[in-house]
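Colleague: So the chains spell out like this:
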Amino acid sequence: MRGIRTIRRYFRDAAKSLVRNFSLSLASISCITITLIVVALSIVISYNIEQIASKIKQDVTMVIFIDNDATSEEVENIGNQIKIIDNVEEVTFKSKEESANELAESDSTFNTVTQEWTDDTNPLLDSYMIKVKDIEKIHDTANEIKKIDKINTVNYGEDMINQILPVFEVIDKVCIGAVIALIIVTAFLIANTIKLAIFARRTEIEIMRLVGASNISIKVPFIIEGLFLGGIGAIIPIIVTIYGYTALYDYFGGTLFSSNLAQIITPVPFVYIISVILLIIGMLVGMFGSYRAVKKYLKI
Amino acid sequence: MELIRIVDVQKTYKNGVVALYDFNLSIKKGEFVFVIGASGSGKSSLIKMLYREEKPDKGEIIIGGINVAKLKNRKVYILRRKLGVVFQDFKLLPKLTVYENVAFALEVFACDKKEIYHRVMQVLELVGLKNKVRQYPNQLSGGEQQRVVIARAIVNKPKLLICDEPTGNLDPDTSMEIMQVLEQINNMGTTIIMATHDRDIVNRMKKRVIVINEGKLVKDYEKGQYVNERY
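Residue numbers (the working numbering), protein chains in the order written: chain A, 11 to 310; chain B, 34 to 264.
If you're looking for bench data, these hints aren't it; they were derived computationally from the structure.
All C-beta atoms in this analysis are idealised placements derived from N, C-alpha and C, irrespective of residue type, glycine included.
Among the hints, a few may not be true.
Short derived list, chain B residues pointing at chain A, Cβ under 7 Å [said to hold, decoys possible]:
1. 104
2. 107
3. 128
DSS-like cross-link-like pairs, simulated, lysine-lysine; straight-line CA separation at most 25 Å [unchecked claim]:
4. B:47 <-> B:61
5. A:306 <-> B:62
6. B:62 <-> B:147
7. B:62 <-> A:229
8. B:88 <-> B:105
9. A:309 <-> B:91
Please build the complete structure, drawing on both the sequences and the hints.
Modeller: Pasting the structure below:
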């Protein structure tokens with residue numbers, strides 16, 4: 011009973027001092043709000059960049075052409091050999107007839123030309139379209155495929171990949187680095203604001219100690235207050251994230267530059283995950299900031 | 034019965050200043066003791082050690098069975114619950130009313146609300162502020178503020194009341210009023226130890242007086258023996 015009363019008192023005290031020190035609370039909450047919005051923004055941007063980058067990576071297709079003299083059995087055999095290679099994700103066969111049809115559909119001039127072709131005179135080659143699991147290993151995979159008999163050419167835009175891969179690597183690192191750095195900066199900023207707020211209340215802490223409050227009964231209400239501050243400070247960033255991101259998504263229709271490659275992340279559950287992250291950052295940093303600041307005034 | 038025993042206490046501050054040296058003192062339960070001495074004599078250090086704001090480097094300070102010198106930081110509250118402290122600069126919380134300021138000291142014990150109300154009103158009546166419960170500290174005079182501090186200090190019925198220059202900021206008449214309140218509290222059985230500069234008060238009260246000079250106890254006058262002496 012006494013324990014429950016004490017815990018209730020901790021929460022009541024925390025809520026009371028939040029109201030009583032309204033201007034200080036407001037300052038802390040605004041600081042948390044602003045920094046969390048920046049964090050939310052950075053998460054949204056970096057995850058979308060990553061998403062687009064990985065989409066582009068996934069879209070890289072390797073095309074191999076098979077010698078014209080290969081029998082249909084050999085062609086199938088080649089397909090099976092490719093499928094068992096580790097890094098191969100997906101293999102699609104495209105016969106020379108299909109290629110010819112595609113060509114015919116793309117242009118009326120080609121249409122006339124291809125109609126002249128028979129099975130034997132069709133100059134196109136049977137091909138396999140291959141998607142790989144890990145684009146970084148695409149060179150090795152290509153070399154492995156080249157070793158298979160009756161393969162005419164392996165084509166995968168080598169130069170483009172050589173240029174694009176390091177760029178993606180940098181983007182990856184910069185995004186992760188930016189988010190982590192921002193979270194750390196946020197933590198410091200919030201902790202500092204709370205420290206200032208508590209500095210203004212050091213007499214209160216001193217008096218609490220003088221009248222015989224145990225350290226823990228001084229600390230706990232402050233920690234709960236920090237949790238409240240963090241939680242309240244996260245409300246606006248969460249609303250901004252949920253509604254703002256959804257609105258943006260709708261505005262762009264899900265893709266940037268109307269390109270299929272630049273698809274942005276669908277709002278659900280993305281915005282909810284960010285919301286939870288923001289709430290957790292706010293609360294944890296609020297609590298920890300309060301704890302650190304109070305502890306300083308509890309010595310002697 | 035002995036309430037405070039100080040044995041061979043020594044205190045040197047980090048900057049090398051010796052605050053107390055070979056200090057011995059014994060105070061019985063129910064006594065009223067003045068501690069006098071020039072600025073920098075060490076009386077403030079002594080007072081601060083009694084409520085464990087400072088720790089002695091050597092020696093023992095035993096208050097009501099607690100060895101203050103060995104008390105860990107997180108256990109200080111055990112000592113503080115047994116004593117009340119009154120300061121020259123009041124240390125009231127400006128955003129709390131008179132009632133809340135006094136109740137604050139009881140709330141840390143998680144007392145029952147009714148119990149708190151009863152007890153707070155009792156002490157506020159004792160110090161003569163029953164009609165000012167809803168006012169804020171800045172609406173009170175210095176003397177009234179000091180009464181609130183006294184009320185807060187005695188609300189949990191401490192055995193010992195430590196006063197660090199409680200009349201330092203008050204005019205002579207108000208100071209005497211405060212002294213009357215303190216005497217009343219002393220008569221109810223609370224031991225009082227009070228550091229002061231105010232010789233006038235010390236002369237009038239006729240209590241035990243100890244004189245500190247350069248960190249040493251130089252004189253210990255029994256009750257009524259002290260006559261306006263230069264120090």
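Colleague: Give a verdict on every hint.
Modeller: Verification of the hints:
The closest approach between the C-beta of residue 104 of chain B and any C-beta of chain A is roughly 11 Å, which is over the 7 Å cut-off, so the hint fails. Interface restraint check for residue 107 of chain B: the shortest CB-CB distance to chain A comes to about 5 Å, inside 7 Å, so the restraint holds. The restraint placing residue 128 of chain B at the interface with chain A holds, with a minimum CB-CB distance near 5 Å, inside the 7 Å limit. For the hint pairing residue 47 of chain B with residue 61 of chain B, the CA-to-CA distance comes to about 32 Å; that exceeds 25 Å, so the pair is violated.
Pair hint residue 306 of chain A plus residue 62 of chain B does not hold up; C-alpha atoms about 35 Å apart against a cutoff of 25 Å. Restraint check for residue 62 of chain B and residue 147 of chain B: not satisfied, since their Cα atoms lie roughly 30 Å apart, outside the 25 Å limit. At most 25 Å may separate the alpha-carbon atoms for a hinted pair to count; residue 62 of chain B and residue 229 of chain A exceed this at roughly 34 Å. Straight-line distance between C-alpha atoms of residue 88 of chain B and residue 105 of chain B comes to about 10 Å, which keeps the hinted pair within the 25 Å bound.
For the hint pairing residue 309 of chain A with residue 91 of chain B, the CA-to-CA distance comes to about 20 Å; that is within 25 Å, so the pair holds.
Of the numbered hints stated above, those contradicted by the structure are hints 1, 4, 5, 6, 7, listed in ascending order.
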